[in-house]
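Number of protein chains: 2
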Amino acid sequence: MLYSRALIPTVKEAPADAANASHTLLVRGGYIRKVGAGMYDFLPLGLRVLKKVEAIVREEMDRSGAQEILMPALLPAEYYKETGRWDLYGDTLFRLKDRKGGEFHLGPTHEEIVTDIARREIKSWRDLPMNLYQIQNKFRDEPRPRGGLLRGREFLMKDAYSFDVSEEAAFDSYETMRKAYCRIFDRMGLVYRMVAADPGAIGGSTSAEFQVLADSGEDAIVACDTCDYAANVEIATVKVKDQTESSEALEEKKKVHTPKVGTIEDVSKFLSTPKERFLKSLVYTTGKDVVMAVVRGDHDVNEIRLARALGVDEVFLATDADVQKATGAAVGFAGPVGFKGKVVVDRAAALVKNAATGANETDHHFTGVNKGRDWDGEVADIRLATSGDPCPNCEGGHLKTYRGIEGGHIFILGTKYSAAMGAMYSDEKQEKKPIVMGCYGIGVSRLVATAIEQNNDADGIKWPMSLAPYHVHLVTIGKEENVHAAAKKIYDELREKGVDVLWDDRDERPGVKFKDADLLGMPLRVTIGAKGLANGNIEVKPRTEPDPKKAELVPVENAVKVLADRVHAALGK
Amino acid sequence: MLYSRALIPTVKEAPADAANASHTLLVRGGYIRKVGAGMYDFLPLGLRVLKKVEAIVREEMDRSGAQEILMPALLPAEYYKETGRWDLYGDTLFRLKDRKGGEFHLGPTHEEIVTDIARREIKSWRDLPMNLYQIQNKFRDEPRPRGGLLRGREFLMKDAYSFDVSEEAAFDSYETMRKAYCRIFDRMGLVYRMVAADPGAIGGSTSAEFQVLADSGEDAIVACDTCDYAANVEIATVKVKDQTESSEALEEKKKVHTPKVGTIEDVSKFLSTPKERFLKSLVYTTGKDVVMAVVRGDHDVNEIRLARALGVDEVFLATDADVQKATGAAVGFAGPVGFKGKVVVDRAAALVKNAATGANETDHHFTGVNKGRDWDGEVADIRLATSGDPCPNCEGGHLKTYRGIEGGHIFILGTKYSAAMGAMYSDEKQEKKPIVMGCYGIGVSRLVATAIEQNNDADGIKWPMSLAPYHVHLVTIGKEENVHAAAKKIYDELREKGVDVLWDDRDERPGVKFKDADLLGMPLRVTIGAKGLANGNIEVKPRTEPDPKKAELVPVENAVKVLADRVHAALGK
Numbered sequence: 001m002l003y004s005r006a007l008i009p010t011v012k013e014a015p016a017d018a019a020n021a022s023h024t025l026l027v028r029g030g031y032i033r034k035v036g037a038g039m040y041d042f043l044p045l046g047l048r049v050l051k052k053v054e055a056i057v058r059e060e061m062d063r064s065g066a067q068e069i070l071m072p073a074l075l076p077a078e079y080y081k082e083t084g085r086w087d088l089y090g091d092t093l094f095r096l097k098d099r100k101g102g103e104f105h106l107g108p109t110h111e112e113i114v115t116d117i118a119r120r121e122i123k124s125w126r127d128l129p130m131n132l133y134q135i136q137n138k139f140r141d142e143p144r145p146r147g148g149l150l151r152g153r154e155f156l157m158k159d160a161y162s163f164d165v166s167e168e169a170a171f172d173s174y175e176t177m178r179k180a181y182c183r184i185f186d187r188m189g190l191v192y193r194m195v196a197a198d199p200g201a202i203g204g205s206t207s208a209e210f211q212v213l214a215d216s217g218e219d220a221i222v223a224c225d226t227c228d229y230a231a232n233v234e235i236a237t238v239k240v241k242d243q244t245e246s247s248e249a250l251e252e253k254k255k256v257h258t259p260k261v262g263t264i265e266d267v268s269k270f271l272s273t274p275k276e277r278f279l280k281s282l283v284y285t286t287g288k289d290v291v292m293a294v295v296r297g298d299h300d301v302n303e304i305r306l307a308r309a310l311g312v313d314e315v316f317l318a319t320d321a322d323v324q325k326a327t328g329a330a331v332g333f334a335g336p337v338g339f340k341g342k343v344v345v346d347r348a349a350a351l352v353k354n355a356a357t358g359a360n361e362t363d364h365h366f367t368g369v370n371k372g373r374d375w376d377g378e379v380a381d382i383r384l385a386t387s388g389d390p391c392p393n394c395e396g397g398h399l400k401t402y403r404g405i406e407g408g409h410i411f412i413l414g415t416k417y418s419a420a421m422g423a424m425y426s427d428e429k430q431e432k433k434p435i436v437m438g439c440y441g442i443g444v445s446r447l448v449a450t451a452i453e454q455n456n457d458a459d460g461i462k463w464p465m466s467l468a469p470y471h472v473h474l475v476t477i478g479k480e481e482n483v484h485a486a487a488k489k490i491y492d493e494l495r496e497k498g499v500d501v502l503w504d505d506r507d508e509r510p511g512v513k514f515k516d517a518d519l520l521g522m523p524l525r526v527t528i529g530a531k532g533l534a535n536g537n538i539e540v541k542p543r544t545e546p547d548p549k550k551a552e553l554v555p556v557e558n559a560v561k562v563l564a565d566r567v568h569a570a571l572g573k
Numbered sequence: 001m002l003y004s005r006a007l008i009p010t011v012k013e014a015p016a017d018a019a020n021a022s023h024t025l026l027v028r029g030g031y032i033r034k035v036g037a038g039m040y041d042f043l044p045l046g047l048r049v050l051k052k053v054e055a056i057v058r059e060e061m062d063r064s065g066a067q068e069i070l071m072p073a074l075l076p077a078e079y080y081k082e083t084g085r086w087d088l089y090g091d092t093l094f095r096l097k098d099r100k101g102g103e104f105h106l107g108p109t110h111e112e113i114v115t116d117i118a119r120r121e122i123k124s125w126r127d128l129p130m131n132l133y134q135i136q137n138k139f140r141d142e143p144r145p146r147g148g149l150l151r152g153r154e155f156l157m158k159d160a161y162s163f164d165v166s167e168e169a170a171f172d173s174y175e176t177m178r179k180a181y182c183r184i185f186d187r188m189g190l191v192y193r194m195v196a197a198d199p200g201a202i203g204g205s206t207s208a209e210f211q212v213l214a215d216s217g218e219d220a221i222v223a224c225d226t227c228d229y230a231a232n233v234e235i236a237t238v239k240v241k242d243q244t245e246s247s248e249a250l251e252e253k254k255k256v257h258t259p260k261v262g263t264i265e266d267v268s269k270f271l272s273t274p275k276e277r278f279l280k281s282l283v284y285t286t287g288k289d290v291v292m293a294v295v296r297g298d299h300d301v302n303e304i305r306l307a308r309a310l311g312v313d314e315v316f317l318a319t320d321a322d323v324q325k326a327t328g329a330a331v332g333f334a335g336p337v338g339f340k341g342k343v344v345v346d347r348a349a350a351l352v353k354n355a356a357t358g359a360n361e362t363d364h365h366f367t368g369v370n371k372g373r374d375w376d377g378e379v380a381d382i383r384l385a386t387s388g389d390p391c392p393n394c395e396g397g398h399l400k401t402y403r404g405i406e407g408g409h410i411f412i413l414g415t416k417y418s419a420a421m422g423a424m425y426s427d428e429k430q431e432k433k434p435i436v437m438g439c440y441g442i443g444v445s446r447l448v449a450t451a452i453e454q455n456n457d458a459d460g461i462k463w464p465m466s467l468a469p470y471h472v473h474l475v476t477i478g479k480e481e482n483v484h485a486a487a488k489k490i491y492d493e494l495r496e497k498g499v500d501v502l503w504d505d506r507d508e509r510p511g512v513k514f515k516d517a518d519l520l521g522m523p524l525r526v527t528i529g530a531k532g533l534a535n536g537n538i539e540v541k542p543r544t545e546p547d548p549k550k551a552e553l554v555p556v557e558n559a560v561k562v563l564a565d566r567v568h569a570a571l572g573k
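Chains as they are written, first to last, in the UniProt record's numbering: chain P, 1 to 573; chain B, 1 to 573.
These aren't lab readings, by the way, just hints derived from the structure by calculation. In this text, all values refer to a predicted model and were calculated from it rather than measured experimentally. It is possible that part of the hints are untrue.
One copy or two, it doesn't matter: identical chains are merged, so the pair holds either way.
Distance condition first, Cα-Cα at most 20 Å in a straight line; then the derived SDA-like pairs of lysine to any residue [as the list claims (entries may be wrong)]:
1) Lys34 / Glu82
2) Lys100 / Glu142
3) Lys573 / Thr92
4) Lys253 / Arg506
5) Lys573 / Asp186
6) Lys429 / Asp215
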């Protein structure tokens with residue numbers, strides 16, 4: 001592509017609403033433009049990246065044996081009504097009516113529609129397994145669309161659905177998808193973790209997230225530095241270091257005056273007692289009951305695990321007024337000693353002897369507190385995992401925390417949709433059974449942004465070769481005829497070898513061209529000028545690793561081979 | 001693809017709501033399934049055809065220098081409000097609100113959104129010409145969705161928009177698109193006519209439709225049997241055969257009693273006067289005035305041309321009551337003699353001497369009527385062209401009528417959108433001028449159906465090679481190992497040569513397999529059985545021309561070369 005003929009409207013200023021590198025760089029590089037909140041135009045460069053992600057996803061889905069289909073984006077309400085999601089989905093569903101008043105919505109995901117295909121077309125166990133996928137724009141009325149392509153209201157998604165005769169067979173389909181996803185993320189050149197989204201559940205549904213590591217990620221995950229254990233921090237568990245109780249002598253419980261010293265940090269200093277000795281006590285409501293969650297002073301409560309321990313869907317941190325009512329004291333002075341409601345205590349906190357904790361009396365704490373003697377509670381695994389924690393999966397490994405962006409999610413659905421909608425198959429004995437389903441999503445447009453979050457510097461984007469809109473960014477300096485001729489030859493020959501080339505043929509200063517090249521982020525920048533050509537050379541400068549700063553002179557007669565080999569090697573061709 | 005692993009749910013019954021061959025065959029062949037009125041799932045075979053159309057369109061658009069982008073389908077109302085289309089579009093626009101009450105709609109076409117890109121990114125004449133296109137699902141709440149993929153409420157469209165400095169430059173862009181469209185329709189193997197949608201207008205906007213000829217088409221068009229003149233019948237004109245008035249002597253006007261004989265057909269018989277001698281007189285209202293349109297008895301009124309002659313947007317045939325009021329007679333007895341309102345007379349009717357026509361008195365006609373002496377009216381070109389009419393564009397050519405399906409439409413928009421939305425460029429003198437636009441649509445999903453309307457027989461579809469989901473339909477007969485081995489070898493080697501092969505490896509009777517092969521319509525059916533192999537042969541049977549009925553034996557060792565050559569030749573490779 002000739003730069004002078006292309007719509008690549010680079011700009012200096014970051015958009016006012018941009019908080020992420022990818023959002024800033026996609027707009028500054030002329031990849032996308034905003035149409036409305038969470039709605040973007042893909043300009044030519046942006047669409048090229050989107051199509052590259054899409055092509056990798058499609059190739060690996062096809063290789064795995066899945067069959068591509070395309071369902072409508074505009075859907076009659078009747079399907080979601082069959083499963084109850086019409087009511088459950090709430091405000092996130094874009095709803096509309098047609099000219100006759102019929103109810104419709106835009107598809108945020110297509111379980112019902114694909115299940116409708118299954119119930120009509122799948123008759124027998126001979127038709128299974130089957131995996132149907134589509135690559136399609138999805139619509140969700142997000143309460144806070146943000147981050148450019150990271151969380152939009154219209155976005156491109158690959159959604160696949162597997163159909164099997166049994167839970168066991170569904171696991172095989174799940175495993176096939178897991179491997180396909182690994183190939184997809186590997187080919188995109190992204191650093192990611194496959195994160196157990198529910199590692200502890202047995203017999204329940206199985207799912208895993210593909211988290212692309214990036215400091216700007218919304219999701220906190222922990223991963224072992226030794227084995228391949230990784231989990232969303234919200235559901236991660238840890239090994240309890242010391243399962244045997246210490247033999248330390250029990251002290252006497254004492255009430256101490258701690259005026260206006262409410263945080264663990266401050267009380268720890270005030271009492272010269274390490275945080276590990278504290279029982280951090282937080283009051284929650286379940287909607288019905290008020291409960292106290294107790295973790296060690298250096299730990300935090302994992303609310304999802306707390307809810308699971310209580311057997312409820314969700315817990316909510318109590319308001320200040322509710323804390324006062326439940327403990328009789330101001331916030332900061334709660335503790336399990338004498339607490340009237342239910343107490344749930346984390347496994348680590350349960351082992352602390354001679355602990356310090358709030359006295360349920362404003363400006364007062366207890367020291368020398370001991371579980372069993374002074375208070376009691378139900379022991380459960382309710383704390384957030386954090387860096388340095390022992391891995392629950394291996395011996396000697398330690399967890400490290402990362403920030404991640406969810407790029408994919410694979411899930412065994414079981415018979416939730418097939419049972420609700422009557423999608424049955426006949427087994428070998430002609431008995432009707434519900435089809436066991438799985439679903440598998442990849443955020444195609446989100447991955448465009450995610451790749452940038454992981455690959456950028458102060459000057460701009462640093463595309464992995466497989467996602468770059470063009471592999472080579474050819475810059476010509478000056479208007480000499482031999483420069484143009486050399487560039488034209490390299491441009492044509494590279495394209496013949498399947499290398500995507502953007503040729504900056506504009507009448508601009510070298511500085512402007514180099515700045516735009518850095519901003520746009522093609523992996524290889526090639527500069528052709530009269531000076532270099534006089535010595536028979538062109539300059540090749542990689543934008544990315546191994547050494548982005550180091551420019552290299554290449555004899556002009558070798559240029560095509562050197563560049564094509566480098567591109568093909570990076571693409572694994 | 002192995003048939004046994006593919007989702008190809010063929011069925012015997014046509015869908016109850018199908019009135020078109022393509023609708024019936026797409027459903028029967030398992031290409032599509034209905035989700036709601038005008039909404040369809042593309043199953044694997046259907047999607048493969050859709051992708052083939054899409055790929056041809058994309059290749060030719062790229063070759064023409066257009067740049068692909070992607071705009072959102074869900075759009076804030078503000079853009080359509082800027083041009084007034086928010087109100088003008090009426091019920092056909094799918095409208096919705098987001099969770100905050102903001103107004104949105106689904107995009108039926110994207111002039112405003114692309115003009116918004118233009119006004120932000122195009123600064124100078126140096127940025128022009130530019131052509132931006134997208135391939136995207138569009139949404140229109142059609143009053144009567146029908147014909148399966150022929151008129152859906154969600155459908156895939158390619159829409160391109162050109163931007164130029166002047167009307168003259170816009171014509172160059174239009175011409176580039178016209179040529180690209182011809183290549184697209186040629187490559188799809190479709191018989192089509194490029195139809196002037198407004199040939200008579202001078203200085204107005206220019207547009208042409210690409211009409212794919214099919215008896216089932218909604219649109220009536222006329223085309224010359226000699227030159228390349230073609231036009232939608234509604235706006236077509238004809239040459240007036242005899243411009244000189246005849247020298248026939250004027251008869252006397254006589255009133256004759258024609259009891260209950262109201263139609264031209266019947267009066268012509270009753271009076272033994274040829275239809276060409278009649279003045280067919282129809283009463284119209286313009287909303288404001290009542291007018292009479294007079295055409296020759298063997299002609300029909302072209303209402304669009306009548307409206308244009310009157311300088312109004314539309315005319316409406318008067319109700320029986322209004323006819324009675326305007327003429328004083330029952331319907332069937334209207335005529336220009338003594339008519340009180342305005343009379344518009346077609347050029348041919350104006351030349352008829354000694355004519356017969358209604359007497360504006362129930363059960364009575366006049367004969368011997370002559371324009372100028374007995375009545376008068378404004379002469380204009382207001383009749384429908386029909387088969388046999390002389391071509392207005394060449395000497396000696398005659399028009400023929402066809403039915404067609406609109407597959408594409410190219411259009412010069414002028415400055416309608418750029419002026420309304422302030423999309424300006426600076427010319428060489430730094431003066432701001434509105435960008436001159438063109439727009440160019442192709443109904444990608446409609447063409448899937450259109451190709452079938454033009455290519456089918458009683459047994460099923462007959463795909464053109466370039467659109468077929470698979471080029472070769474391989475049928476194995478029997479379970480012998482050598483049959484499987486021969487098929488496997490041909491299957492693998494054809495695929496290596498870029499030939500798409502569907503291998504019917506199912507455990508079904510030959511009759512079932514052949515019936516499905518005919519229904520699905522791949523261009524080449526290849527049968528491998530033990531009997532043929534014993535003689536070293538396989539059977540090749542083309543589904544389409546030159547001789548679909550003639551099966552041919554091909555030595556097994558030549559099979560791959562023969563088939564690959566045939567496929568590549570048909571694809572022009």
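Task: Contradicted hints - numbers only - done: 3, 4, 6
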